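> Take a look at the letters that make up each chain.
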Amino acid sequence: MTRFLLCFLLGWAFVAHSAAAQDGGPLRIEITEGVIEPMPFAVPDFVPDSPAATEVAGQIARVIAADLAGTGLFREIPVEAHIGRVSDFNAPIQFADWKAINAQALVTGAVSSSGDRVTVRFRVWDVFSGAELGNGLQFAGSRDGWRRMAHKVADAVYSRITGEGGYFDSRVVFVSESGPKNDRKKRLAIMDYDGANVQYLTDSASIVLAPRFSPSGDRVLYTSFETGFPRIYVLDVGKVQRRVLESKEGTMSFAPRFAPDGQTVVFSLEQGGNTDIYIMDITSGATTRLTSSPSIDTAPSYSPDGSRIVFESDRSGTQQLYIMSASGGEAKRISFGQGRYGTPVWSPRGDLVAFTKQNKGRFHIGVMRTDGSEERLLTASFLDEGPTWAPNGRVIMFARETKGARGESTLYSVDITGRNLRSVRTPGGASDPSWSPLQN
Amino acid sequence: MQTGTKISAVAHGLLLSWAFLGGAFRSDPLPYEVQDVTMISSEEFDRIAGHSATPEAVTTLSEPQPAPEPIAEPVVEPRPDPVSESVPPKARPEPTPPPPPPAPEIAALVPEPPSPPQRAVERIAPEPVAPPPPEARPDPVEREQVTPEANADTPQEAQDATAPEEAAAEIVTEAEETAVLAPTRSPRPAARPARRPPPAPETAPASETETATDTATETAAKTEDAVTAALTEAMAGAREATPAAPAAPSGPPMSAGEKEALRVAVSSCWNVGSLSSDALATTVVVAVSLSQDGKPQGETIRMASHSGGSEASAKQAFEAARRAIIRCGAKGFDLPVAKYDHWRNIEMTFNPERMRIK
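In the order they appear, the protein sequences are chains S and W. The numbering used here applies: residue -5 is where the first sequence begins, and numbers increase by one. The numbering used here applies: residue 1045 is where the second sequence begins, and numbers increase by one.
Mixed in with the good hints, there may be bad ones.
[To be verified] Short, incomplete list of chain W residues facing chain S, as computed with Cβ under 10 Å:
| id | residue |
| --- | --- |
| 1 | H1056 |
| 2 | V1316 |
| 3 | V1329 |
| 4 | S1357 |
| 5 | Q1360 |
| 6 | R1367 |
| 7 | A1368 |
| 8 | D1378 |
| 9 | W1387 |
| 10 | M1392 |
| 11 | E1397 |
No lab work stands behind these hints: they were computed from the structure. Fair warning: this is a prediction, and the values are worked out from it, not measured in the lab. Virtual Cβ for every residue (Gly too), placed ideally from N, Cα, C.
Produce the complete structure using the sequences and hints provided.
Structural data, given as structure tokens:
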């Protein structure tokens, strides 16, 4: 009986309290469950100010739409479905027309052309609240550079809607492959992030491996077997000039990567059957040894602040990931799952490490926190390897090779959530991608 | 093995046969002689049949039952209510129905008589004179109380005479008291003053119908009188009524189901797919005012507070929340209109913690 009374009193007190809480102030509710779906957006063709700008205006709008839709975070509403027409960049937007087709974001713009000069103006609108996101912005450049201007507009739109930086105005250097597996020709190539504007940096006379962009995006480190032994070269992308980094005779150096300062290179050096990690000042050629274990230590990658290095080592018996100070010293193991881990790459944001994992005959691209927690495998296939981060740390590009003697390697990109796995269009086969930072 | 199985089979067969034949399963209890019950004769059967016939008649009895219901129609009571609204003097009969408050006072003075019968007498009152005598009986009880107080001899009689008068007067005063108390304690008067303006014009035509040829000034004067009378009543009852008035939201509070429906409605439009990971770590509280048709008023949507992220990420999170509210509220949220005071202003907390990695 006392229990009953107690329960009754407690219940009454609760009801009274909730009723009292209701009396003053607004109704309060908490929403913890939402939906994850691409945001519908519309990019009507930009308004040309002259007939000469008509073609490029349409092209720019299409590239912007393709950039945004390619992220998987947005879904374009095709132009054919548009009800409203934007014929004047400065005219007020008829939001009802865009609400009717459920466009949540709207990008309007205008293109003016004078001689070889092209100017792009644009605005981003939140359709349902009828407000502009940010202010109008303008880019100017040469007519040939219209794709870059489109990418820059897309970056700005992406940034204003998502709140994080874009990655569209960036390039990717990779190894272009042709021929069968047993006689494969490899040469360095560079392209826009979306596969456009491919240019070749080397010929296919010798095998090249593992190109890596410098932090400023103007140079590329890569490994070449030109002399029969793997050597590290530095290539100036703008001038297409290269030079070899100093190395001792009878040693093999490979897996180079720039430090965030752009002056130091960290790489692996094999000497007498033992592979360790070294750093080299790129101007003076002075080297410093960071690891001295009898195991194979390789694939080093700097943290964005340059204070630490993540690398792979088989010192425990199997290939695992370790983190050490940038000045060397004791390394701490961070990977403890089943299988073998390799090719770690530190995220530009500094919070994650991407890696290749081999387990039970399959390869995965995955990410984990820098302390090894929250490991998440994003892909699974016959052979996935060589992850590289987009400049905003949101997307990973990697190489996927298909099975068989005629198998071909192609590039893929995937969001760090594991969604939006997409093939990157390249001429022929491609492997070993390295993503540049955003261009200036 | 075969011999063993044979032996086992034979042994089991013997055991089962013994069990069935030997009566091991006959657990039947001793048979009671129930035959006495079956010995009913035809006469008894007829009697039973005769009894069964009477319950059939009950159906006919059940028909008149609905008749008493209309007799007890409570519809009669509401009639005085509208009359009292239009005409103030008739408001006095109104208070008579709610005499519960004075009841305890009667009980204190006169413990014997139950209060309900008295009420019935008052209503039917005017004709029957018989009820008063029983009321007089309690008077001698009061005399006893009065006599000890008055020590003098001669004044005692005079007091005795006054005592019954007071008892009778008390009944009347009780009615008056109820008239005063009723509007003060009932919650209705608190709500009605707000709606007074609309009914006021209604009373005017009513008065016009009564006095068809009266001038407009007279009707205006009457309405003024009615208003002043109503105001005085309200003012008289304001002392106790005012504390109930400030409770802003009227009507019952929002139920958990109604809140959940609103939560689900907004959730279905809250798209966090395009939010940065920083914005996904930011909880924002968005305040919004709704119109009576359940539509959010765009200009009232604002970020009340945020936590867990930078200003920039909070801005993105707020914009996503704003889109959710506007999109799903475009046709109006399905909310009970009667509880508008409760959901006029809403604070929604958008917590993306569970949406970060999915």
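> Now tell me, hint by hint, if it's right for this structure.
Status of the hints after comparison with the structure:
1. H1056: violated (55 Å)
2. V1316: Holds: closest Cβ of chain S sits about 5 Å from W:V1316, inside 10 Å.
3. V1329: holds (9 Å)
4. S1357: holds (5 Å)
5. Q1360: holds (3 Å)
6. R1367: Cβ of W:R1367 sits 5 Å from chain S, so the hint holds.
7. A1368: Hint on W:A1368: holds, closest Cβ of chain S at ~7 Å, below 10 Å.
8. D1378: violated (14 Å)
9. W1387: holds (5 Å)
10. M1392: At about 6 Å, which falls below the 10 Å cut-off, the nearest Cβ of chain S leaves the hint on W:M1392 intact, so it holds.
11. E1397: Interface hint status for W:E1397: holds (7 Å vs cutoff 10 Å).
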